[in-house]
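For the protein sequence lines, the chains are L and A, in the order given.
Taking our numbering, the leading residue of the first sequence gets 1, the next gets one more, and so forth.
Taking our numbering, the leading residue of the second sequence gets 1, the next gets one more, and so forth.
Hints listed in this document are in silico derivations from the structure and should not be mistaken for laboratory results.
All clues given are correct.
Derived CB-CB ranges, DEER-like: (1) D331/L <-> R18/A: 47 to 57 Å; (2) D285/L <-> L269/A: 24 to 34 Å; (3) L314/L <-> S17/A: 54 to 64 Å; (4) A226/L <-> I102/A: 24 to 34 Å; (5) R9/L <-> L177/A: 18 to 28 Å.
Which bits of chain A does chain L cover? Going by a derived footprint, with three or more residues having C-beta under 8 Å, they are: (6) 129-141; (7) 231-242; (8) 247-256; (9) 267-275.
Beta carbons: idealized from backbone N, C-alpha and C, even for Gly.
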Amino acid sequence: MILQFFLRRLLFAIPMMFGISLVLFLLYNIVQVDPLVMIVGERAMDNPEIVAAAVQKWGLDRPVWEQYLTYAGNMLHGDFGSSFLTKRPVLEDLQLFLPATLELALSSLVFAIAIGIPLGVIAGVRAGGLIDRAAWGLSLLNASLPPFWTGLIFLTIFYYFLGIAPGPGRLDPRMAFPPRVTGLVTLDAAFAGDWAAFANALHHLMLPTLILGGFTLALVLRVVRASMIEEMRREYVRTARSKGLPPRAVVVHALRNTLIPLVTLLGLAFAGLLSGAVMTETVFDWPGLGTYLVRAAANLDYPAIQGGTLLIALIYIVTNLIVDFLYGVLDPRVRLA
Amino acid sequence: MSAASSVGAIRREAPLSRRILKHLRKYPSLWIGLTILVAFLLMTLFADVIAPTDPLAQNLRDRLDAPSAAHPFGADELGRDIYSRVVHGARISLPASFVVVIISVVVGVLLGAVAGFFGGALDAAIMRTADVTLAFPSVVLALAISAFLGPGLTNAIIAASVVLWPEYARLMRSQILVVRAQEYVVAARALGAREASILFRHVLPNAWTPLIVKAALDVGGIILLVSALSFLGLGVQPPTPEWGAMIALGRTKFFQWWLATFPGLAILLVILACNLISEGLRNWLDPHY
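With the hints as constraints, model all of the structure from the sequences given.
This is how it looks when you write it as structure tokens:
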């Protein structure tokens, strides 16, 4: 039953990916630039061998629909072409840049959940109270702050003027990076037993996490608060109360049911984190996908833009798939829908 | 409560101005948000009067001057008055955002309504296109599109519209599905009304509320998106006084904090206003909330 549910969801994802590759292919073809220049780069255009190889590999001498099939086939093999800027295959670049984004996104998610759930519970149980109103103001402000600007302001205040936060980057310039295992500097440092680097990496994560996690925090807070208010009105809560259960235990009862809508939210939150990463990473010189994409875009590095965008869309789809699946596991009613 | 309001329906209505005032007092966030937004709209209309100097006028003797009486928000690298540039920046961000939201609402509503009302292959084609577009995080897709189209305000507007319309299509479609099952639609059809006239005269007017609430929110969201593109070097290009592009000029200048601070505050205020308006509208228009 669960397997069937999961397979059905998986089947939905396949046309999605097809559509996504089509969108990226269309972008390639809409622009008024010779696709050949896009693939081999302007400087290599004088070299007939490279040009002939590219024409052959990407099927540029054949009709458009065949080009799309070649293009999709190349992508299925993980071949996104080579970046003009780094001269490396885009896939290699992505492997290099993805972990920094993952580290930032995960720490933001942990931050948002750790603060958002307790705050949301208090705001929901005491709706209209002081904490509830403060939380409302905070999430309104958070939803209105442009993250790239807040990042700059935080760096100005906490790094430049107060000196209590480190500057941009993942580690202090003099610090040696721990040997790369996962690519997440905090984890790698812990594996290597390099606790100085671990602490330094955590410190560097602080400001970007605050900025990027702030948006997710507001989201988590709002959902937990709303479903907490709803759950606290239910009969099982009244029963628990009337049989004399201490208020804390009653809240835990209600909280367990609140967590289900929260799971769906996390898929949405992840999209926000990836969008936010594009806007925050540049400010913090964070060598993640956002930085990679922005640099590719500024330099018209088309293969890199395509590969990066495709990877982010893939991450997004897979996350949603997992969330869907978790939701089905947690709430059996969903499987029937 | 419900008894009191049904009595109110019989009572003679108060004059419009009084009713508006009462509304404003009941929904303070709507009022505060509208005040801020109207202030910014006035700024776009009278930018030339409000701004003391030409936003493009360079005065190298004043370069990187801190905020002072002569330059209330300081001066940038080329000695341009940041206050004047922030005022003129409203002329770019606000109209651009309105244009994007209007395009997206028109396209999204039409396609979403058609999809929801007629169903079938048309529905599938429209909604799958929307799904694919929504499969990208919005900033990422907008970034990729404007990278391919090239920098500039027009291309940023196109990119933002491509990203935004599917949200309206999806919203409209779900609204239509709810409304078309209502009895008055069934009744209209039983009376022999044509499908198109049912759609425009009976279904659409009853599906507006969440759309308006969302549109108000999105005006702020698009201002953020366009300024983010400009900040990243893909949207509006220098020397045009666009807020995001102005913040980019202050990126590496921590000491000259005024370069980034003031244009950012303008973005913050406009988005805040839109969020407040949207929330106020929702409380006002949607009695269930």
